[in-house]
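Peer 1: The chain contents come next:
There are 2 protein chains.
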Amino acid sequence: MINFDFKNPTRVIFGKGTISQLGDTVKEFGGTKVLLHYGGGSIKSNGVYDVAKKSLDDAGLRVTELGGVRPNPRLTLIHEGIEICRSGGINFIIAVGGGSVIDSAKAIGVGVPYDGEVWDFYTGKALPAITLPVATVLTIPAAGSEVSFSSVVTNDDGAFKRPLDINVIYPVFSILDPETTYSLPPYQTACGISDMLTHVIERYFTRVSDVELTDRLCEATMKTIISNAPVVLADPKNYAARSEIMWSGSIAHNNILDTGRIGDWASHMIEHELSAINDVAHGAGLAIIVPAWMRYVYKHDVERFAQFAARVLNIEQNFHNPEITALRGIDALKAFFKSIGMPVSLSEIDIKEESFKSIAEKVRKIDEDKGIVGNFVQLTEADIVEILKLAR
Amino acid sequence: MINFDFKNPTRVIFGKGTISQLGDTVKEFGGTKVLLHYGGGSIKSNGVYDVAKKSLDDAGLRVTELGGVRPNPRLTLIHEGIEICRSGGINFIIAVGGGSVIDSAKAIGVGVPYDGEVWDFYTGKALPAITLPVATVLTIPAAGSEVSFSSVVTNDDGAFKRPLDINVIYPVFSILDPETTYSLPPYQTACGISDMLTHVIERYFTRVSDVELTDRLCEATMKTIISNAPVVLADPKNYAARSEIMWSGSIAHNNILDTGRIGDWASHMIEHELSAINDVAHGAGLAIIVPAWMRYVYKHDVERFAQFAARVLNIEQNFHNPEITALRGIDALKAFFKSIGMPVSLSEIDIKEESFKSIAEKVRKIDEDKGIVGNFVQLTEADIVEILKLAR
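Residue numbers (this note's numbering), protein chains in the order written: chain A, 1 to 392; chain B, 1 to 392.
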């Protein structure tokens with residue numbers, strides 16, 4: 001176990017009917033004039049908008065709306081949000097939606113009190129010291145942004161996608177009502193499941209030794225996601241299973257599972273470039289990359305992969321040949337992704353071998369500053385091409 | 001899963017050598033004049049005091065000391081601490097020690113800005129709205145108070161022991177250096193292990209259904225505690241195992257494992273009365289009561305007890321007769337307590353059958369306001385006597 005410094009200040013209000021607490025809770029945190037930030041029309045058709053709006057109105061809050069956040073939230077809309085907040089004297093931001101809406105709200109939050117260009121925070125040119133408080137009403141369990149210190153934003157001017165990770169952007173509170181997820185289409189539900197499961201997998205595969213507690217907490221979360229996934233797909237209004245998935249998505253990314261260890265994150269970096277090419281959903285891209293990455297790197301720690309197979313996927317340990325256990329685990333994970341309707345090969349999303357080299361170059365470039373892709377195994381461009389070949 | 005509202009704002013700084021960060025971190029939180037609160041001489045003999053004091057001095061902080069906290073922290077010393085803080089203009093409290101020192105510091109923290117008598121907060125006569133910030137340097141992994149919203153204090157005037165549970169008393173930060181636990185004697189180490197394991201057991205046995213994620217997170221924590229306990233007892237300077245135990249003690253009580261469920265807590269209430277009679281250590285008393293409680297209540301949910309046996313203690317499930325699995329799990333837990341040197345019967349601590357009735361009466365009385373003892377099963381006085389008989 002390595003030394004760590006952990007704090008997660010986000011308050012989580014979880015359960016049926018909790019969105020009606022929105023207005024009063026904003027007031028507890030000192031909000032009076034709020035920006036209500038959201039995406040497309042889904043929160044209007046599923047009723048979430050009405051409940052949230054009524055709660056804010058009942059609490060006597062002045063509400064300004066800014067909709068239109070798209071997947072991979074854009075800097076132009078963030079600029080617009082910052083301007084609205086400044087000119088309207090807004091002192092609180094509420095994100096209603098999934099990870100993209102929340103990430104956009106976080107960017108507006110740090111942008112408002114900053115004299116410079118908010119993009120500076122995403123290139124590392126500056127660090128945000130303060131933010132307008134941001135709260136969330138989560139409607140898509142996937143990214144974990146409702147309890148995380150992360151925001152990923154795309155600069156339309158050249159389409160650079162960059163992350164900001166810093167304690168100041170933890171939401172002050174997040175409301176999670178599993179009933180809001182009843183109307184998520186199966187494909188989007190499955191993409192969210194793939195995303196949250198991969199958040200745990202990225203943390204699980206570490207070279208740090210003596211991490212028993214966090215290993216087991218990771219396994220607990222992965223098992224819960226895997227066992228509830230088929231239930232929510234077969235029975236979208238199953239409250240118990242939707243609850244397990246929703247809370248698992250937050251536990252997967254609130255950084256408790258990160259304490260004392262260093263995750264890998266190469267699969268996330270590779271996937272970002274797939275999404276950039278053909279707009280495949282993040283979770284779907286991960287379902288393609290992760291098993292290929294596993295197959296490429298498992299020999300660096302066969303025991304850990306065997307442990308994953310045995311404890312998470314109930315593969316019986318082959319004591320004479322743990323490598324067989326490890327490989328069966330990877331196959332089982334791929335079969336799981338397939339079973340929930342995810343693509344598991346690049347051919348399914350029309351990415352051909354000709355583009356592998358340029359994808360690998362771009363992945364290496366994202367992380368120019370640090371110069372590394374992956375921590376479990378540090379990957380070269382050639383390694384990334386091999387992983388993409390395994391994902392054909 | 002039931003609705004919940006969860007927030008844990010305590011920052012945890014974990015690992016080797018982290019105590020030297022104490023002074024600078026206090027300054028980050030605005031502390032200038034600090035009360036350094038501790039117990040007996042152990043922090044002086046094991047070197048923790050010197051490192052902490054040097055860090056505070058190096059940071060230019062003005063330090064006033066108050067030692068002498070005993071197990072079951074007393075109101076008289078808390079009064080003294082409040083007076084010292086007020087007269088010295090102290091604006092930050094640091095607890096160096098275990099649960100008793102931390103609980104005492106929390107009481108001083110809420111007492112300083114309160115016009116009335118601090119005991120009011122423990123009787124429910126008043127609720128604290130603010131506190132002086134409290135930080136901790138943990139040296140005894142057991143109570144979990146370093147990351148909890150709880151403080152338990154004893155009023156010397158009549159020896160009433162009362163808890164205060166409220167968000168405002170979460171420590172602002174806690175430093176956990178596993179090396180500080182190397183010098184803990186085996187019995188005290190084992191008592192801490194019993195205490196933290198029981199914190200999870202109390203949460204695990206719930207009547208709330210559909211709590212898969214938190215069940216599995218509880219199991220992960222219990223397995224880690226059980227597997228590392230013999231290691232730290234056999235090899236007290238094993239950093240890896242001491243780390244697992246120390247972080248498990250915090251995870252056991254930071255209330256993540258409580259989300260969406262209602263724990264039982266009858267064993268804790270019964271144990272408090274044993275400690276009151278003959279000063280048995282809390283963890284040791286729990287090792288006696290918990291298996292007896294289990295044997296008395298398991299028929300209310302044989303499946304849950306079988307799950308506990310199978311998943312936590314690796315008992316093979318008897319599919320034809322799950323009750324056998326459940327009972328084997330209880331036996332295995334009792335054997336575990338015995339193996340780490342805990343007493344497992346009341347006769348070992350000289351509590352005789354004559355006193356069972358009066359113990360049961362007192363237990364019922366503690367909780368007069370709510371009128372219940374236990375949530376998994378609500379116990380009557382007669383039930384408590386039967387449990388004590390099973391613990392003979």
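Think of the hints as simulated: they come from the structure by calculation, not from any bench.
Small disclaimer: the values here were computed from a predicted structure and weren't measured.
Some hints could be false.
[Unchecked claim] No more than 20 Å apart at the CA atoms, straight line, and that leaves these computed lysine to any residue pairs for SDA-like:
| no. | chain 1 | residue 1 | chain 2 | residue 2 |
| --- | --- | --- | --- | --- |
| 1 | A | K27 | B | Q188 |
| 2 | A | K7 | B | F6 |
| 3 | B | K27 | A | I130 |
| 4 | A | K16 | B | R207 |
[What the hints assert, rightly or not] Label-pair distances were calculated between CB atoms; the ranges are:
| no. | chain 1 | residue 1 | chain 2 | residue 2 | range |
| --- | --- | --- | --- | --- | --- |
| 5 | A | S209 | B | G17 | 13 to 23 Å |
| 6 | A | G40 | B | I324 | 28 to 38 Å |
| 7 | B | N318 | A | E354 | 53 to 63 Å |
| 8 | A | S209 | B | L390 | 49 to 59 Å |
| 9 | A | D5 | B | D156 | 30 to 40 Å |
| 10 | A | K161 | B | F160 | 34 to 44 Å |
| 11 | B | P185 | A | Y187 | 33 to 43 Å |
| 12 | B | P185 | A | L390 | 49 to 59 Å |
| 13 | A | V231 | B | K365 | 51 to 61 Å |
| 14 | B | N318 | A | G341 | 52 to 62 Å |
| 15 | B | G17 | A | Y187 | 45 to 55 Å |
[Stated by the list, open to error] To give an idea of the interface, some chain B residues facing chain A are shown, with a C-beta separation under 10 Å as derived from the structure:
| no. | residue |
| --- | --- |
| 16 | I13 |
| 17 | Q21 |
| 18 | D24 |
| 19 | Y182 |
| 20 | M269 |
| 21 | H272 |
| 22 | S275 |
| 23 | A276 |
| 24 | N278 |
| 25 | D279 |
| 26 | F356 |
Backbone N, C-alpha and C fix where the C-beta goes; we use that ideal spot for every residue, glycine too.
Peer 1: Indicate, hint by hint, whether the structure satisfies it.
Peer 2: Checked hints:
1. For the given pair, K27(A) sits about 46 Å from Q188(B) by alpha-carbon distance, which is inconsistent with the 20 Å threshold.
2. The hinted pair formed by K7(A) and F6(B) meets the criterion: a straight-line CA distance of about 14 Å does not exceed 20 Å.
3. At roughly 18 Å between alpha-carbon atoms, K27(B) and I130(A) fall within 20 Å of each other, so this suggested pair holds.
4. Restraint check for K16(A) and R207(B): satisfied, since their Cα atoms lie roughly 19 Å apart, inside the 20 Å limit.
5. Distance hint check: the CB atoms of S209(A) and G17(B) are about 19 Å apart, consistent with the given range 13 to 23 Å.
6. Between G40(A) and I324(B), the C-beta spacing of about 56 Å breaks the proposed range 28 to 38 Å.
7. The beta-carbon spacing between N318(B) and E354(A), approximately 59 Å, falls within the hinted interval of 53 to 63 Å.
8. Distance hint check: the CB atoms of S209(A) and L390(B) are about 42 Å apart, inconsistent with the given range 49 to 59 Å.
9. Taken as a hint, the range 30 to 40 Å holds for the pair D5(A) and D156(B), whose Cβ atoms sit roughly 38 Å apart.
10. For K161(A) and F160(B), the Cβ-Cβ distance of about 60 Å falls outside the hinted range of 34 to 44 Å, so the restraint is violated.
11. In this structure, P185(B) and Y187(A) break the distance hint of 33 to 43 Å, their C-beta atoms being roughly 58 Å apart.
12. The beta-carbon spacing between P185(B) and L390(A), approximately 54 Å, falls within the hinted interval of 49 to 59 Å.
13. Hint check: V231(A) to K365(B), Cβ distance near 45 Å, so the stated range 51 to 61 Å is violated.
14. For N318(B) and G341(A), the hinted distance range of 52 to 62 Å is not satisfied, since their beta carbons lie about 38 Å from each other.
15. The hinted range of 45 to 55 Å is satisfied by G17(B) and Y187(A), whose Cβ atoms lie roughly 49 Å apart.
16. Because the smallest distance between the Cβ of I13(B) and any Cβ of chain A comes to about 5 Å, under 10 Å, the interface hint for this residue holds.
17. Among the interface hints, the one on Q21(B) holds; its C-beta lies about 9 Å from the nearest C-beta in chain A, closer than the 10 Å criterion.
18. Interface restraint check for D24(B): the shortest CB-CB distance to chain A comes to about 12 Å, outside 10 Å, so the restraint is violated.
19. The interface hint given for Y182(B) is violated, since its Cβ lies 15 Å from the closest Cβ of chain A, which is over the 10 Å cut-off.
20. A cut of 10 Å between beta carbons decides the hint on M269(B): the least distance to chain A is about 28 Å, and the hint is violated.
21. With 10 Å as the threshold, the beta carbon of H272(B) stays out of range of chain A, its nearest partner Cβ sitting at about 28 Å, so the hint is violated.
22. About 28 Å separates the beta-carbon of S275(B) from the nearest beta-carbon of chain A, more than 10 Å, and the hint is not met.
23. Against a cut-off of 10 Å between C-beta atoms, the interface hint on A276(B) is violated, since the closest Cβ of chain A lies about 33 Å away.
24. The closest approach between the C-beta of N278(B) and any C-beta of chain A is roughly 34 Å, which is over the 10 Å cut-off, so the hint fails.
25. At its closest, the beta carbon of D279(B) sits 32 Å from a beta carbon of chain A; the interface hint therefore is violated under the 10 Å criterion.
26. Interface hint at F356(B): violated, since its Cβ lies 38 Å from the closest Cβ of chain A, which is beyond the 10 Å cut-off.
Hints 1, 6, 8, 10, 11, 13, 14, 18, 19, 20, 21, 22, 23, 24, 25, 26 from the earlier list are contradicted by this structure; the remaining hints agree with it.
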